[in-house]
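Enquirer: These are the residues of each chain, in order.
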Amino acid sequence: MFGYSMEDVGNIVVMQGFSGLSLFSVLLLMALGLAIIFGQMGVINMAHGEFMTVGAYTTVFLSKMAVEFDIVNSYFIFAIIAAFILAFFIGYFVEYALIRHLYKRPLDTLLATWGLSLVMQQIFRSTFGAKEVSAELPEWLLGSFKPTPDIDIPINGVFVMGLALIVTVGVYLFMFRSRGGLRIRATVQNRMMAGAVGINTQKVDRLTFALGCGIAGVAGAAFTTIASTGPTTGSLYIVDSFMVVVFGGAASLMGTIASAFGIAQAQSILQFFMTSSMGKVSTLMTIVIILMMRPEGLFASKVRK
Amino acid sequence: MTVFLNKYFGGKQGAINLAILAILLLVIFPLWLDLFRLGLIGKYVTYAFVAVSLVLLWGNGGILSLGQGMFFGLGGYCMAMFLKLEASDPISTKIQTTPGIPDFMDWNQLTEIPWFWLPFKSFPLTVFFVLAVPTFLAFIIGYAMFKRRVGGVYFAIITQAIALILSILIVGQQGYTGGVNGITDLKTLLGWDIRTDSAKYVLYFINASLLIGVIILSNYVLSSKFGMLLLAMRDKEERVRFSGYDVSSFKIFIFCFAAMISAIGGAMFTLQIGFMSPSFVGIVPSIEMVIFAAVGGRMSLIGAVYGALLVNFGKTMFSENFPELWLFLMGGLFIAVVMFFPDGLAGVYRDHAKNFNIADWLIARYTKFLKKDPNMLGDKV
Numbered sequence: 003m004f005g006y007s008m009e010d011v012g013n014i015v016v017m018q019g020f021s022g023l024s025l026f027s028v029l030l031l032m033a034l035g036l037a038i039i040f041g042q043m044g045v046i047n048m049a050h051g052e053f054m055t056v057g058a059y060t061t062v063f064l065s066k067m068a069v070e071f072d073i074v075n076s077y078f079i080f081a082i083i084a085a086f087i088l089a090f091f092i093g094y095f096v097e098y099a100l101i102r103h104l105y106k107r108p109l110d111t112l113l114a115t116w117g118l119s120l121v122m123q124q125i126f127r128s129t130f131g132a133k134e135v136s137a138e139l140p141e142w143l144l145g146s147f148k149p150t151p152d153i154d155i156p157i158n159g160v161f162v163m164g165l166a167l168i169v170t171v172g173v174y175l176f177m178f179r180s181r182g183g184l185r186i187r188a189t190v191q192n193r194m195m196a197g198a199v200g201i202n203t204q205k206v207d208r209l210t211f212a213l214g215c216g217i218a219g220v221a222g223a224a225f226t227t228i229a230s231t232g233p234t235t236g237s238l239y240i241v242d243s244f245m246v247v248v249f250g251g252a253a254s255l256m257g258t259i260a261s262a263f264g265i266a267q268a269q270s271i272l273q274f275f276m277t278s279s280m281g282k283v284s285t286l287m288t289i290v291i292i293l294m295m296r297p298e299g300l301f302a303s304k305v306r307k
Numbered sequence: 013m014t015v016f017l018n019k020y021f022g023g024k025q026g027a028i029n030l031a032i033l034a035i036l037l038l039v040i041f042p043l044w045l046d047l048f049r050l051g052l053i054g055k056y057v058t059y060a061f062v063a064v065s066l067v068l069l070w071g072n073g074g075i076l077s078l079g080q081g082m083f084f085g086l087g088g089y090c091m092a093m094f095l096k097l098e099a100s101d102p103i104s105t106k107i108q109t110t111p112g113i114p115d116f117m118d119w120n121q122l123t124e125i126p127w128f129w130l131p132f133k134s135f136p137l138t139v140f141f142v143l144a145v146p147t148f149l150a151f152i153i154g155y156a157m158f159k160r161r162v163g164g165v166y167f168a169i170i171t172q173a174i175a176l177i178l179s180i181l182i183v184g185q186q187g188y189t190g191g192v193n194g195i196t197d198l199k200t201l202l203g204w205d206i207r208t209d210s211a212k213y214v215l216y217f218i219n220a221s222l223l224i225g226v227i228i229l230s231n232y233v234l235s236s237k238f239g240m241l242l243l244a245m246r247d248k249e250e251r252v253r254f255s256g257y258d259v260s261s262f263k264i265f266i267f268c269f270a271a272m273i274s275a276i277g278g279a280m281f282t283l284q285i286g287f288m289s290p291s292f293v294g295i296v297p298s299i300e301m302v303i304f305a306a307v308g309g310r311m312s313l314i315g316a317v318y319g320a321l322l323v324n325f326g327k328t329m330f331s332e333n334f335p336e337l338w339l340f341l342m343g344g345l346f347i348a349v350v351m352f353f354p355d356g357l358a359g360v361y362r363d364h365a366k367n368f369n370i371a372d373w374l375i376a377r378y379t380k381f382l383k384k385d386p387n388m389l390g391d392k393v
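Chain order of the listed sequences is A and B.
FYI, in our numbering the residues of the first sequence are 3 to 307.
FYI, in our numbering the residues of the second sequence are 13 to 393.
For reference, chain B alone in the conformation it holds in the complex:
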């Protein structure tokens, strides 16, 4: 049992924390919040995928990628291309010069669907590409960089530059990508209208369950021997290399894995929110996603989810009420987290909850309750 827990949930404590998160996402939020607010939570949860990927990559691997947004965006764009093709059937686009192609292509004088859009007519291929395109890009970048032992700030800057390139490219190639507006007006998924209330609930639950699944999978990766090596590489890369391990291959793997997780988030974003735009690809969103992980705790998978939820909740609240304050707060958050709380919320929780182990506390309460402990039930007994 303990082995099983350690392997998939990060120990007893981890399992309890994950269960709390699952109850929060799957029971409390849907019961408590109206559909609009729940939609917002759903959006934040898609960002949490990226935050989780950064915990693996940055917290555990010591590789800071400032281009995680491009993987999120690529996953999202792949999904959006499928949905857009489905939404642009000849009947609903009959007022266009060329019916049957996406509206922005028509506006940009394209008369047929470009070749790289064609695979996205099939749903299985789309799902494959959602996962494969970002992973493949990560593989190319990772292979080129890690095999030449480029790391640290160089890696951060080059991933940032690539994110910039991709966002300029998407904005610049209007006819092929929808330009700065992105791909909008998405309607159905295999004939199922994703804009209805019931679809929104279903997608929310799929999204949240996927996140829980991704966390369990990530826990499995981290608790394996590979996870141990990852930590060792972060702290003493040379030593791991001299012990005979192929450091660069491990790094490439974790970078690809992180890219794939981010892409799942992106695809779920498109499905839930109903559009994808270059504003999720470039430098600013990519670095904001790092702050989600940093606030939640760069070493804690579950902390990162809370980080994503809290920072975005703060962002929505502040930019609604005090738009001027938000950038100060965000900037201050970056500085404060880095300087005073390098382990984020998870670190604060760990330090202050040393004598308050929630798992032990719950189990103790429960056993006391079972035993009908007089202390617990008070004077009545």
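For reference, chain A alone in the conformation it holds in the complex:
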């Protein structure tokens, strides 16, 4: 196959598969937030990538502080929390100022949030400069381990994946095992009825939107461990994240995980055997074709009109 021996192919698949897992983790974290927002309110948040960038810049900023106070080894956990909180509150404010006026016009929300993303990108550029910056990583995130001499697995990838798993489990517990999640699910299923039994649906909307943005912030913090951050970093991931959400079937947690996994793996394994652009093209093309045949996505929970 392409001039590689079977053993080589095996190693390549493991290693590319692993780099795919890092991509999978970032995509999953991005898509979780998007899926929650989209499932809840039918709103497409084009600025979602910029919320990720907020998280990434928060982490970078805190890492510079950490270098000054010499606490590089322990700051990262706080950075994740700070990224979540900051993105959460910006999301809360955006919902209040912008999104809630546009619930009846989903296509317009799409345009308005695109405008928001442009503004946010320019704010990043004016504040942090157009150059890409990277965070000082704690020592325990650097390096790699080698289960066999030919396989090289970076630790930061393992960390990012662990983080994604924790967040996913957290989202699951929140959505299906807590009162807050119950309110969200009730509002998704029947907004009027939920309002009638005393759920403040406006407040639920606002919190859901903020939560989705907060998770994007965590995605940004995770992102700093595998790549450097620039003003347009978030926008590079936005289409992929949308594809994950749509492909997985909106409002389905399992579907989101499965499609994030599939898309990330397909991209990184194909990118090794073809050029990087062709790998991406063939993955996206496959998804679009599958979506054309099965528009409700992989795991559809209900029939769309």
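Keep in mind the hints are simulated off the structure, nothing from the lab.
These numbers come from a predicted model, not from an experiment.
There could be a bad hint or two in this list.
Stretches of chain B that chain A covers, calculated by requiring three or more beta carbons in the stretch to come under 8 Å of a beta carbon on chain A [what the hints assert, rightly or not]:
no. : stretch
1   : 169-179
2   : 297-309
3   : 315-326
4   : 333-341
Simulated pairs of lysine-lysine, DSS-like, Cα-Cα distance not exceeding 25 Å [claimed, not checked]:
no. : chain 1 : residue 1 : chain 2 : residue 2
5   : A       : LYS106    : A       : LYS205
6   : B       : LYS106    : B       : LYS133
7   : B       : LYS55     : B       : LYS199
8   : B       : LYS327    : A       : LYS133
9   : B       : LYS248    : A       : LYS106
10  : A       : LYS66     : A       : LYS133
Residues from chain B shown here face chain A by an in silico Cβ test under 7 Å; the list is partial [said to hold, decoys possible]:
no. : residue
11  : LEU76
12  : ALA156
13  : ARG160
14  : VAL162
15  : VAL165
16  : ALA376
Heads up, the beta-carbon is just placed ideally off N, CA and C, and yes, glycines get one too.
Please build the complex by placing chain B on the supplied structure of chain A, with the hints as guidance.
Expert: For chain B alone, coordinates are given in the frame of chain A:
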């Protein structure tokens, strides 16, 4: 007369507005602006084709396509391929390893012209492909999506993804498409040098007249029964379907029609500006084209033209003088238009000009003038 006006110009008011636009584009701009500025206007006018197509598709049909740039780009690329083949004759490319093929193919070690370039040796076929390739792509996308009743934000996102795919593909396949630089160094159209000043004027006038023609054609479509159904579909799709109409076929038609209009704009862009590149195909240009239509007024064909002209004029001015401010302004424009002026400039004009009907005003002035009304000519009479 009224029927005729309604059919082709959107009523008396529409006819006057169109006439004003035509005078502006065909008389005032060419007389007032130097060739460089006129070239810029010509470029904006090619974007206006896309804005007009979005008025049909989005304003009237309620279908938001975030991939209109790919139709613009495909039209432009088809034209550019013809011009490039003409520019790469064996004599002017004799320093290449393989003379007679486009320079970027030579740089990428291609030794012969790929098969899908061959039809572009003939001009009639090229014109056919300029119109047919984007329309056909739109048909495939539209057929797959609308027959399965996919619409709204899903449609928007999938068209966006397809635009992304196409732009990555064009950038990635350097040897076949010219890569990120696009197709450059275009010289002649059937032996006629398109880079001279006179050619630029001629192309500008062809471009502007085509736009006027497209607006008249679009008015015709919108004033027909089909236009009425389009509006009905936007507002109550189920009801139209239950009345026995084949909603998906109507949607496919308007999507194809919009793609064709955008492609004409793209082809004219290539002819006027002299190159085509993937930066007009991807996500960002596609969504910017939506904002032209939104600023001008998503329901107004003529408003969309002004939207395209104004936004691009602003873009050129601001990115020349305050590049940092431009993105803020553009983003703010998106938000402000959507939140406060959903009908764009045309809406503002309509609301504030309720008591000031320009057609009636002009006609009243004119009749007064004919009657030598003393009020008009003042104290002299």
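Enquirer: A separate judgement is required for each hint: does it hold in the structure or not?
Expert: Status of the hints after comparison with the structure:
| no. | hint | in the structure |
| --- | --- | --- |
| 1 | 169-179 | holds (count 7) |
| 2 | 297-309 | holds (count 4) |
| 3 | 315-326 | violated (count 0) |
| 4 | 333-341 | holds (count 3) |
| 5 | LYS106(A) <-> LYS205(A) | 17 Å, holds |
| 6 | LYS106(B) <-> LYS133(B) | 19 Å, holds |
| 7 | LYS55(B) <-> LYS199(B) | 18 Å, holds |
| 8 | LYS327(B) <-> LYS133(A) | 23 Å, holds |
| 9 | LYS248(B) <-> LYS106(A) | 14 Å, holds |
| 10 | LYS66(A) <-> LYS133(A) | 16 Å, holds |
| 11 | LEU76 | 5 Å, holds |
| 12 | ALA156 | 4 Å, holds |
| 13 | ARG160 | 5 Å, holds |
| 14 | VAL162 | 4 Å, holds |
| 15 | VAL165 | 5 Å, holds |
| 16 | ALA376 | 38 Å, violated |
Taken one by one, the earlier hints fail for this structure at numbers 3 and 16, listed in ascending order.
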